[in-house]
Amino acid sequence: MSQQVAQRYVGSPIKRSEDPRILMGAGTYVDDVKLPGMVHAAFLRSPFAHATIASIDTSLARKAEGVLLVYTGEELEALLTPGPYGLGLIMSMEKPVFSCLATDKVRLVGDLVAIVVAESRYLAEDATELIDVEYDELPPVATVEQAFDPSNPPIFEDLGSNILVQSEPHAFGDVEGAFSRADHVLRVTISQHRHQNVPMETRGCVASYDPATEHLLMWSANQGVHIHRTTISGRLGMDPEKVRIRTADVGGSFGLKLGGSREDVAVAAASRALGLPVKYIEDRYENLTASGQAREESFDVEAAYTDDGDILGLKVKMVMDAGAYPGLAGALPSMIESMLPSAYKIAALEFQSTVIVTNKATYVAYRGPWAAETFVRERVIDLVAHELGREPFDIRMQNVVTRGEEPTVMITGRSLVGVTVRESLERLGELVDLPGFRLEQEAARAEGRYLGIGMASYIEAAPGPKMPGMPLGREEMRMELAEDGKLIVFTGQMPHGQSHETTIAQVAADEFGVAFEDVQVVFGDSDIVPPGFTGGSRSATMAGGAAIMTARALRAKVLETSSHLLEANVADLRIENGAVSVVGVPASAMTLADVASAVRQPGRLPEGVDGELKVENAYDGGSGGWSGGTHCAIVEVDCETGLVHIERYVVTEDCGKLINPAVVDGQVRGGVAQGIGAVLLERSAYDDRGNYLTATFMDYLMPTTMDIPNIEISHLETVPLDPDVNFRGIGEGGMIVAPPTICNAIEDALAPFGVRIYQQHLPPAKLLELIGVIEPE
Amino acid sequence: MSETVDILLTVNGTQRSANVEPRKTLADVLRDDLELTGTHVGCEHGVCGACTVLIDGEAARSCLTFAVQVRGSEIVTIEGLAEDGEMNPLQQAMQASHGFQCGFCTPGFLMQITALMNENPKPSEPEIREALSGNVCRCTGYQSIVAGVLRATGQSPISDSTHQE
Ligand code: FES
Ligand code: FES
Chain A
1 MSQQVAQRYV GSPIKRSEDP RILMGAGTYV DDVKLPGMVH AAFLRSPFAH ATIASIDTSL
61 ARKAEGVLLV YTGEELEALL TPGPYGLGLI MSMEKPVFSC LATDKVRLVG DLVAIVVAES
121 RYLAEDATEL IDVEYDELPP VATVEQAFDP SNPPIFEDLG SNILVQSEPH AFGDVEGAFS
181 RADHVLRVTI SQHRHQNVPM ETRGCVASYD PATEHLLMWS ANQGVHIHRT TISGRLGMDP
241 EKVRIRTADV GGSFGLKLGG SREDVAVAAA SRALGLPVKY IEDRYENLTA SGQAREESFD
301 VEAAYTDDGD ILGLKVKMVM DAGAYPGLAG ALPSMIESML PSAYKIAALE FQSTVIVTNK
361 ATYVAYRGPW AAETFVRERV IDLVAHELGR EPFDIRMQNV VTRGEEPTVM ITGRSLVGVT
421 VRESLERLGE LVDLPGFRLE QEAARAEGRY LGIGMASYIE AAPGPKMPGM PLGREEMRME
481 LAEDGKLIVF TGQMPHGQSH ETTIAQVAAD EFGVAFEDVQ VVFGDSDIVP PGFTGGSRSA
541 TMAGGAAIMT ARALRAKVLE TSSHLLEANV ADLRIENGAV SVVGVPASAM TLADVASAVR
601 QPGRLPEGVD GELKVENAYD GGSGGWSGGT HCAIVEVDCE TGLVHIERYV VTEDCGKLIN
661 PAVVDGQVRG GVAQGIGAVL LERSAYDDRG NYLTATFMDY LMPTTMDIPN IEISHLETVP
721 LDPDVNFRGI GEGGMIVAPP TICNAIEDAL APFGVRIYQQ HLPPAKLLEL IGVIEPE
Chain B
1 MSETVDILLT VNGTQRSANV EPRKTLADVL RDDLELTGTH VGCEHGVCGA CTVLIDGEAA
61 RSCLTFAVQV RGSEIVTIEG LAEDGEMNPL QQAMQASHGF QCGFCTPGFL MQITALMNEN
121 PKPSEPEIRE ALSGNVCRCT GYQSIVAGVL RATGQSPISD STHQE
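Here the protein sequences line up with chains A and B, keeping their order.
Residue 255 in the working numbering sits at position 255 of the first sequence; the count goes up by one each step and never skips.
Residue 55 in the working numbering sits at position 55 of the second sequence; the count goes up by one each step and never skips.
Bound-form chain B, shown alone (with noise of 0.2 Å):
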């Protein structure tokens, strides 16, 4: 078997811990070792952002970061976003939008856009989009992603459709 170190982490405000090969991604320890398939995993390479995840507080990219090397830190992921099993005030605005289709990008944006709403409670559309810039997703053209950001944040959407209000 090849090498294998014992690391302590906060997950979702949860001590855990694993042993794991230093090669392996904080992705893959969090979804194979600690079961929290939440975070997923759209290019191993540092620019679909679906990986996202809270790192003492900052959005960072769990592919491009080895477990072995956040020992110790706070992590946050989409199952950490839940307040008593129910959908947090940013999950609920992005049903309300209809933010999402298939859903695989979505676990890196909500981490992204709460990364964002702790630094700025109020953002306009542009500093949403520039916010966003670095997720990819594949299914929705964005429009109903920054609608969420925009009614999770007290703010009006974007009046875009003429069969809509």
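Bound-form chain A, shown alone (with noise of 0.2 Å):
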């Protein structure tokens, strides 16, 4: 069965599919879907973070040139089914319970108050600006102060309070050994700044629901049709079997465009309503405001050490803020807790978290969602290397795990088998002179320069290793063989530039037998593809391996098939080049052509024998493992002008076999930027009264060309944990490790400021601050 092929395509850099259509202009984004008879919509959103909607006059707009339709909240909840959106639905979440545009009050600047549409969208922006709405304002919540101030009105009347969760805290290990233990405490307040996810395709879609047979087929940018057929559908109250989501380019994603949104769902109303195609796509000023934003977390952090150096436990209580219209948030909390600990020999650990609601921006999925236990841990372990004065270097090596020694579980439970930090720094050793960089840096100091070098480690559950009552999910594959040959592959996944068109075909054309030309990857249309998605980088494995499962069992029936036509022993043939072929006999080779239409022909196979050359299959992820590395950044910081230059950036990662090397390192560095971009330039600025303040590219700074660096990668492809498949996910290392590298190398430059760092956003004028060139705001 499991015969082995020539590793042909995995692990080259093969071209990307893709490219020559994304390349040409001929992709198709859903901003390029243009249906006969469609119209277009707009929002009228909120310009108030809390306020009760006293009236609204739509009677203008309604007369407006070019408008076919103009819904209220109230109207439009008349036609929808009340229940959760997108996430919530998905994590069956409770409360808050919440309607599709505001129909009571607003809850954030942006907050949707009215869907209007007309022939154009110009058309229909202009008539939002025709609806009156009067507001009365409420005292806004948005400030963590505020969400705990019980004077203030509660954002969602269901929840009672401001408050979405409140955990007990949770021990692991002997907590208060560890802290009696220890010969130091360091007592900080870590905190990470709201930044969001900004891909530059914004999220939009176009619904056209057929009054004649009740179905409804929706163009999306979203990571995944199922889940976005659930989500839409359960709003509508439709059977999710007459909802057809379609998505074919999606230009980056980054966690946002997972399951439908409150806008989605009104759009299809309104489709459903006029029996019209309707395209709205979201523009960037209500996509910075409003399409949600991430990593607003603040950490009370106890860490108990001694003299020699050894973390031996950490008491962490926590704040997030949700933002309005909750979803991912409430899941995160747990994640952060078991992932503390990481791969370092930490063995008490104490977490207590609490989730707050605000007037801003619905906390989303953003690249490592739970990336603020690798924040808080990198960053304790560089401050408690300062107050040893020791080399933060020499400190994570002496607490890192070692594999096959204790501890092999991580205090919180998580299996540690096949962790390779430890090697990570190892190599990071080889390939940065951390004894020369000293001399270096004292040289220069010298000069009144400052450099400085920081590192950060960490490992992510992509998929995480097996581990029993923690099943790693399903991958659902379908493949057939056309009838011209070719191997057709249905996947679940959504790529939005992970290159899976091309990853999945490497592996599939490996194991089946086939030129790479000759595969095609089909997605992303929830009639014909298998359900999924892709994030948590999960699809490496998950995709991977459901790519070798079913192509291996696709070659068993093509060949089980062929030894009929062949009149051979199964065990006899082989599929090679696109051929099958009695092992030894090349003359008898019959292409997988001839094979497929071979088949379709009566009386060629004797009666009984299936000649439908599809097969179904499903991954569970088998041993599945870590991926995981260390990243180290060398910095110098302009005390003048407070401007970071990032002078040399190094990954040491391990994400097991590597599909396609270009591809990881393209992720892995796409990551990275991101990172660099949330401690240098991002951040989502609300002032207190929940006002938006950067919702333009002018205020919300994204890196350029100018900003990021060139980033060297070294790929360990360690550990072979699984008999067949060693691909482990890498789409979000580089974003959860970058900020505490960069923030570590940043803080060693300026130790002597005696600098000490708590929080990741570091513009130039909070360095400044930093430095005592300039005074706190």
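Treat the hints with care, since some could be wrong.
Simulated crosslink set (EDC-like; lysine to aspartate or glutamate; CA at most 16 Å straight-line) [to be verified]:
1) A:K317 x A:D300
2) A:K34 x B:D56
3) A:K766 x A:E640
4) A:K766 x A:E567
5) A:K95 x A:E157
6) A:K242 x A:E214
7) A:K34 x B:E35
8) A:K345 x A:D308
9) A:K34 x B:D32
In short, the hints are calculated from the structure, not lab data.
Take the two lone chains, each set in its own frame, and fit them into one complex as the hints suggest.
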């Protein structure tokens, strides 16, 4: 069965199949979809963070040129089935309950107040300006203090307060023992600031309801068509079988486009009401203001450590700001808690969390949503090192676990099998001359130049090691041999930059025995592809594994069928180079196209032999495993301007066997770039009245070619855990570990000023403040 | 109906006409009226560069340009780069360098790079970075794009990964 096929494609930087269409301008992004009779939606959005809607008058807008439909929140609600939206539905969130458009009150700047559909987007936007709304402002809840203040009204009445979830402290290991044995306890508050995904393509959809068949076709930019179908059909009160989601090219997402949005539901309802296709493409102002934001958490940390530099235990209290209309946030504290010890021998942890709601955009998934665990831990390690006057690298080496030695399980219970953070640190030690750098740093300081080195390590469950009671998921795949001999692969993955058309084809081609060019990967149609989604760095293992298992099953079927055509024993047959042949008898070769057409001819196969060359299979993640590694940055801080120049950035990482090294490197570099942006530039800023301050690209600054250095990458590919599948996910790692890497480097550079860094966002003004050049705000 | 005007343009070497509102941007006219959806709109306020096209040989932001302003001009869009339906050398170099991921920023980069290469056939890495500093890519971290330009201009790529050669 497990006949070995020559590895021809896996491991090589094959050119992407996606590229010709993308590079020639022939992609199909959602805004490129144009359906006959299509009309356009625009939303009226709230200018206030928190206000009741006293009255709303849409009469003028309804009469405006080209306008076909205007709905207020109440009018739309009558056409929908109440229930949770987006990931809230997938996670079965019970509270808070909210409507599609605002009915009683608005809960953030940019909240949805009304939908207008008109003959063009220009006309729809014109008409939104004719809607007259009277608001009565309520006290805004824009900060943690305001959320905890019981005198402020609850944003969602059914929560009774502005606290979404509050956990009891959870203790793992002997926390009190660890703290009483410690020589020192570090007490700090460490925070991450709100920033956001900002895919270059905003969100959008084209909904087309056919009144004759009562079916809805929806084109949309998303990360999984079935999740989209569930979340849309749920709110429309439709049988999911009557909803078809189609998606072709997606211009990035990074977690944002997971699950149907309130906008999507409103547009679909408008299409159903009109019986016309309706397009809505979010503009950038809407995207920055209201699509979703991420990463606003603060941690009170106590770290117990010894004179020798052993980190014995942590006590952590987290507050997370979920914004308004919460979805994912409630699920994150347990992930952060369980990942905090990571690859270190931290034997005790106490963790308590509170998630609040505020009048800000919804907290959404963003590339490594639980990454706060890495930021907090890797900052604490450096802070401990500074307290002890030790090299942070040495503290890491001293505390990191060693493969095959105790502990083999994190104190929070997660298996550490196959973790290679120690190896990644060792590799980094070879690539970066740390003692040499310290000399250079000293010489530079003598000239008034401030160089610093920082590193940080992480592991990611991508998909995670197999553990009892914790299934890794189930990835379905379908394959068939088309009549022309091509291998057609149907996947639930919904690539949005990850190059799955290429990587899945590489795996399938090798396993099945055909040329890469003869594999076609089909995705993005809920009527055709199996369930699935792209996210959480799952696809390398899950879709890679599903491709191996499914190709193997189809190969067995093709060989079985061919044995009748070739009158040979199955055991003597091979598929190689797109042909089936009897081993050692090349003249017997029958091309796959010949096989595929022969089985379709009557009489070629014996009675009762299944000539359908199709299989469905599913993969359970096998032994799973971790991705992980260590990043290192060398920076120079200009103490007059506060600007940070990254001189060198080195990645040592282990995501197992690489399917396509160029794709992997692209994922690593793209993630690092977002992490650099997060620290040096990006912030989703609000004032304390909940006004959003960064609604354009002039205010929300993203890294450009001038900010991101060339990034050196060294792959370890160390540990095969599974007999078949040793690809592991790498999509999120860069974004998870780059922020602490950069912060650690900056703190090191500013050591002569005694600077300690507790907040992740370090734009020039903040650095000048830390150095003491300017006064704090 | 709002007042409209007739405009004539040369787009990718072909005479095109459209009847448009004066407030309609060149990006929207290309995409809606001329059905050339290769040009992308990433911000509509002139910062991201996704909408970049060549207007009379110069790289320009089609989201900040009204179509009526460029009557009679020669426009080149991403669809105009291919030669006989095949990728041109820049496009081939970008594929070989795995320049892009999601592809949304891509038309703007390729047009900006085309303008750069017309002016400077062998730009250095700093010159490339400077010339592309007004185009935002959220996926790649830029290194692969810079490598693609170096490759397209016959220069050796950045040596950057201990994994690859
Ligand atoms: S869309 Fe024109 S610059 Fe962003
Ligand atoms: S490739 Fe996705 S934005 Fe550049």
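Status of the hints after comparison with the structure:
Our distance criterion of 16 Å between C-alpha atoms is met by K317 (chain A) and D300 (chain A), whose separation comes to about 5 Å. For the hint linking K34 (chain A) to D56 (chain B), the alpha-carbon distance of about 29 Å lies beyond 16 Å, and the restraint is violated. Note on K766 (chain A) and E640 (chain A): the hinted pairing holds, with a Cα-Cα distance of about 12 Å set against a maximum of 16 Å. The hinted pair formed by K766 (chain A) and E567 (chain A) fails the criterion: a straight-line CA distance of about 77 Å is larger than 16 Å.
Proposed proximity of K95 (chain A) and E157 (chain A) is supported: the alpha carbons are some 10 Å apart, at most 16 Å. For the proposed pair K242 (chain A) and E214 (chain A), the alpha carbon gap of about 7 Å is at most 16 Å, so the pair holds. The hinted pair formed by K34 (chain A) and E35 (chain B) meets the criterion: a straight-line CA distance of about 9 Å does not exceed 16 Å. Restraint check for K345 (chain A) and D308 (chain A): satisfied, since their Cα atoms lie roughly 14 Å apart, inside the 16 Å limit.
With a C-alpha separation of about 9 Å, the suggested pairing of K34 (chain A) with D32 (chain B) holds against the 16 Å cut-off.
The structure does not agree with the numbered hints 2, 4 stated previously, though it agrees with the rest.
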